[in-house]
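Trainee: Use these hints to put chains B and C onto chain A, whose structure you have.
Spelled out, the chains give:
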Amino acid sequence: MLNVRNLVARYGQFQALFGIDVDVAKGGMVALIGANGAGKSTFLKSVAGQIPSKTGAIRFNDVDIGALPAEEVVRRGVSMVPEGRRLFRSLTVEENLKVGAFAGRSGRWTLQAIYALFPALEERRSNSAMALSGGQQQMVAIGRALMSNPDLLLCDELSLGLSPAVVKDIYTILPRIRAEGVSIVVVEQDIDTALRVADQVYCFMHGRVTLKGAPADLTKEQVSAAYFGIEGH
Amino acid sequence: MLEWLDAVIQGVLLGGLYALFAIGLSITYGVMRVVNIGHGDFLVLAAYLALWPVMQFHLHPFLAIVPVAALMFVFGYFLQRVLLNRTIGPNPLAPLLATFGLAIILRNGLQQIFHSDSRSFQIGQLGTDSIPVGGGIAIGVFPSIVFAVAIALTVLVSLLFTKTSIGVALRATSDDAETAGLMGIRARHTYGIALAISFALIAVGGVFAGVRTTFTPESGPSALLFAFEAVVIGGMGSLWGTFMGAVILGVAQTVGAKIAIGIGILAGHLVFLAVLFFKPTGLFARTL
Amino acid sequence: MTGVAFKVSRNTRLSVAAVWGGVAAALVLVSVPLWGSPALMRWAVEVMCYLVLAQMWNLMAGYGGLMSVGLQAFVGVGAYSIFVFAQHMGMHPFLAIPLGGVMAAIAAIATAPLVFRMRGGYFAIGTWVLAEVFRIIFSNISLLGGGSGQSLTVMARIDRSTREIGVYLIAAGILIAASLAINLMLRSRFGLGLTAIRDSEDAAESQGVDVKALKLQVYTLASFGAGLVGAVYFTSILRISPNAAFDANWVVASVFIVVIGGIGTLEGPILGTAIFFALRWLLADYGAWYWLVMGAVAVAVVVFAPAGIWGYVRARWDLQLLPLQRRLILSGRGPQRRETGLEFTGDAEAGRM
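Protein chains in written order, with this note's numbering: chain A, 1 to 233; chain B, 234 to 521; chain C, 522 to 874.
Think of the hints as simulated: they come from the structure by calculation, not from any bench.
Built from N, CA and C at the ideal position, the CB exists for glycine as well.
Check the hints yourself; a few may be wrong.
[As the list claims (entries may be wrong)] List time: in silico DSSO-like cross-link candidates among lysine-lysine, alpha-carbon distance up to 30 Å:
# : chain 1 : residue 1 : chain 2 : residue 2
1 : A       : LYS98     : B       : LYS396
2 : B       : LYS512    : C       : LYS733
3 : A       : LYS26     : A       : LYS54
[What the hints assert, rightly or not] Computed list of chain B residues with no C-beta within reach of chain A, every gap over 10 Å:
#  : residue
4  : TRP237
5  : ARG266
6  : PHE311
7  : ARG319
8  : PHE347
9  : ILE372
10 : VAL401
11 : ALA402
12 : LEU415
13 : ILE418
14 : VAL488
15 : LEU506
16 : ALA507
17 : ALA518
Just chain A, same shape as in the assembly (with noise of 0.2 Å):
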């Protein structure tokens, strides 16, 4: 569903992706790791139109989206969760989610669907977003995202300061939104999360893809050395 060949990315003078391959099939889960700087945020960030890039780079659905902005990219359903969550301060939690439903798609996210994944949220919804804890904020986030019914959900560091058991509950609700359709790329860069909750994964160091691969298949020397470009046996 989302293919993306030779992406390349630059910010001003600093190049940041040298040419990526990266494939999502529909129903798929897949994960993105790497060290700081690899260029995942980067690759999330073309995908969901926020950072330019060139016609025909990736198609989405065998649609051309890699010159079109973000508000565009979300209409033709790919979705993302910021990293470090940005909810709109000023808003409450359910105005937060009703925002996130903007784009006009139609589906089976509304927010009595978001509520029921995620109960903590609805006692709090005239709440600032703001006053919620970290976990509930990520919540908020997600609902946020798959408000705009996407067919793909593309969450950048998840796990970005919350506790172990927090991050833990997350991802046990990711294969839940899996398991309405929603295709889901997930930047990680805790390797043992990542291996088990995705069905691919791709490893970026220094703007390029090292290594990519079902877990399964791949051996923990093989990851070590794509992630810290350590040489394996």
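Mentor: Leaving out everything else, chains B and C in the frame of chain A:
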């Protein structure tokens, strides 16, 4: 003692007019984080636009507000879309310079067409009627209408921002335009809406100002300064704060003028500077 | 890259020529009283006043990132200083002119704690409020003629040609000094700090640049310059009123001159002033049209060519008459153009102010 009370009451009512000047400025700054330096001159433009149907068809000035506000709404939207959106970017000076340039164009353009003659709107008896409330204090009917309209419009705008989806989109854009983009909110459009609302509101303020006193093509700067002072006194991010800021400014001006003629405007400036010095975030800033 | 000898230089062959051109221009400027008519000198005083004020505004906005629309506050303070010191305290008017700059700088420092509580657009309009406050205060000082102002009658004691030549030479001196000072200043550590601020305020701060202090210095210097302009201009026209001294058109002219010429460039104000006066001359018979045209051109420049005319020229042909950035010059080649000189302190790229 009573004459001071009178000055305060007149000041509160004058504040209603300033609120109509200020709310639009508060909205555009709140959503775009850009100060429209041409705000006052666009207000004067609206007053001149209303002059035409009033003179030509003897339309009541209050009725002229409706088409002029609609026209200004459309004008504001397209001005933002066609011109001002291009200046929003990494350089924070660009939108200031652009609106500054537009202000000068407008002021001199109006000067060219209408010359410096001062104009005003006549509403007959209504303009001078007042209700005595005892102790020699009388409350003008027209200033009261202005005050009521200011309150009504502040309520209306608050509802727009909290209850409608475009309002929530405007607030989301204000918080974080980049993330709002991820939600499918087109900032270019919401910015256009913000200026459109602002322009519709100053159409009301412009016509009322022209009923209350007179206006010339040179009236823009003082309208801008009063609007700006109200916004700063009230504090960022709060429409009612802006409204209260306008009332405080109005009272400062009338009480100042009571102390010494010719000091009214100065007293308003000084209250503004004092608030800036002692509470730069404004008196009613919304704190999270 | 090993073994390549290099040196660091700001100069290009063209810029060396520009420096000599500048020296020649200064000499011509100073020689005007020998051959020019009094009318030419009066006109030149006005042109030079606008140019210096534009340079000051450019220093603030183009280099310090401070968008002030209240610079006329300090023009007015400088102007009224002449009337206080010369008209009422008996000081020689020519000696009082520098005091105009000093008083303006003092006024700027005294009110800086207020206006520096604001940033961006707030700062812009806040400075305007300040100028209005000054205007109203001076309108209420009866010693200085109140709202209707007064004439500089003490100038009658100086004979006419001394007066004209004196004012002219002082104005020329201010222009030359201001140009020289800005050029040298921007080449110093001070200028490097300002460039850093312009590129990124936060990054500059984290690199140890005291952003606030630097901005305050720029603001004070520009106010000093504006005060000098006010002092010399109103000594030249011999009459003052609050509305003329604190006229917002002072800053309008500066903004248009700088924006059209090229904000954040040293050449921009010169080019802009030339365009400003040329347009004024062309449209002299059409009243307000002249401001309309200037405004329209300025808005068009801001929207479509934000680097201004000089910025465009510089980007198009890589010209720099008064270069500020250093260039790395590899040995064996002449210090000329981009092919041979790598820039390594970032100057504003085209399209950026």
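Trainee: Decide, hint by hint, whether the structure agrees.
Mentor: Comparing the hints with the structure gives:
1. A:LYS98 <-> B:LYS396: Given that 30 Å is the threshold and the Cα spacing comes to 11 Å, the pair holds.
2. B:LYS512 <-> C:LYS733: holds, 19 Å
3. A:LYS26 <-> A:LYS54: holds, 24 Å
4. TRP237: Its Cβ never comes within 10 Å of chain A, the nearest being 39 Å, so this holds.
5. ARG266: Since the minimum Cβ distance to chain A is about 13 Å, ARG266 of chain B lies beyond 10 Å and the statement holds.
6. PHE311: At about 20 Å from chain A, PHE311 of chain B clears the 10 Å cut-off, so the statement holds.
7. ARG319: holds, 16 Å
8. PHE347: With a cut-off of 10 Å, PHE347 of chain B remains clear of chain A, as the shortest Cβ separation is near 42 Å.
9. ILE372: holds, 37 Å
10. VAL401: violated, 5 Å
11. ALA402: violated, 6 Å
12. LEU415: Nearest chain A Cβ is 5 Å from LEU415 of chain B, so the label is violated.
13. ILE418: violated, 5 Å
14. VAL488: With a cut-off of 10 Å, VAL488 of chain B remains clear of chain A, as the shortest Cβ separation is near 34 Å.
15. LEU506: Non-interface label on LEU506 of chain B holds, nearest chain A Cβ at 28 Å vs cutoff 10 Å.
16. ALA507: holds, 28 Å
17. ALA518: holds, 12 Å
Checked against the numbered hints listed earlier, the structure breaks hints 10, 11, 12, 13; every other hint is satisfied.
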